[in-house]
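**Q** Sequence:
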Amino acid sequence: MALRSTIRSAYLWRCRLFSTSILNSDSKTPLSSKEKSRAALSLLRFEKNPERILDICRAAALTPESHLDRVAYSKAISKLRESHYYEGIRGLVMDSLSQPDFKSERFVRHFIVLLGQAGILKDAINLFDEMPKLGVDRSIKALNSLLISCVLAGEYGELKRIFADFPSKYNLQPDLETYNNALKGLCESGSSNAAYSLLADMERNNIKPNTTTFSVLMAGFYKEKKLSDVEKTTDLMNKHGVLPGIAFYNTKIMSLCKLQKSSEAKAVLDYILSKKMKPNCVTYNHLIHGFCKEGDLDLAKKLFKQMNDRKLKPESSCYFTLIYFLCQGRDFESALGICKDSISKGWVPNISTMRSLVNGLVSIEKVDEAREIISVVKEKFSRNADRWSEIEEGLPK
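Position 169 of the sequence shown, counting from 1, maps to 1324 under our numbering, and the rest follow consecutively.
FYI, nobody ran anything at the bench for these hints, they're computed from the structure. Please read all numbers here as calculations on a predicted model, not as lab measurements. Every residue, glycine too, gets a C-beta built ideally from N, C-alpha and C. Errors might be hidden in some of the hints.
Cross-link-like lysine-lysine pairs, in silico, PhoX-like; alpha carbons within 20 Å at most [as the list claims (entries may be wrong)]:
1) Lys1378 - Lys1416
2) Lys1552 - Lys1521
3) Lys1495 - Lys1466
4) Lys1460 - Lys1448
5) Lys1380 - Lys1421
6) Lys1460 - Lys1433
So the derived label-pair ranges between C-beta atoms look like this [to be verified]:
7) Asn1463 - Ala1422: 18 to 26 Å
8) Gly1246 - Glu1545: 33 to 41 Å
9) Pro1185 - Pro1255: 22 to 30 Å
10) Gly1246 - Ser1294: 22 to 30 Å
Using the sequences and the hints given, assemble the complete structure.
**A** What follows is the structure in structure tokens.
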């Protein structure tokens, strides 16, 4: 117990040393755990140096127990994968797992998924295999995480092998999530027809499918443009006594928008409303993105207004999508209004979109508005202040 305490104290001390120099410009004022997490996320968004990314993670003393920290882990892994810095990824995961408090099934499952996200599935499989060495029993939940890892890595052949072999190899009984994850892999790999045999296997094993099962199946059929099979999905749901919820309709809307059938997707929204069901942010996000890509910016703006009128709070990605496409469509005044709203929430689009907006405002003789937007961005986000000062100096006097 004393050794465990010593190791933990040393780890926290090391993280504390990092945090004063990286996360907090005013090192005399200590940060709370949540403040560290938020600071780490903010830094990770812009950081490209792999070693610096690792230092930020260590400084924040990330833990999978916190939602913000899980987001930070994911952001860091994505950035490190972009840099092909796989040794750094392995180091981050192993360093985390070396902490005594992190050796729980829940945390190990999280790292199995992260390794798949990193594209190093062999490491995820090894971690699953070596769980007992960490003092953690393998479970069906861990196997389910490994299947998700396969999906994230795009290793569909391995997913099929693991789904077929591992339950008997490790004496684990597949559950609904196991089948849903396997189904997701089949559908994403373009093998949605094989889903029928998987459904039959579920029935033989007395595992009742749920809305997620049929949402995944429907998305797979849409992806492969098997529209007759899409219609069969509803019949299958009726057969199994599964009622479609908003998540099912969101999947339908997303799939139609991906096929550039946003008008049909809008009809699904109208149907939802006619049934007194409540659409959510995801519903509108898919539709707004769909209509933006198809060039119907007026309808996209109407849906954005409808979303706000319903007291639904758009996510940052929704703001960024709309601002980007409004600039592409040269509707700079609308883009400016939405951008101001976004910035007030602490969400600033990437610099290329912002530059497009500033140049667009100048082109319609709204130089003062362009200066105002630059001033706000410089104040809120000092990181790129020098770059924005250069842009500002280039504006007409």
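**Q** Hint numbers the structure violates, sorted upward?
**A** No numbers; nothing is violated.
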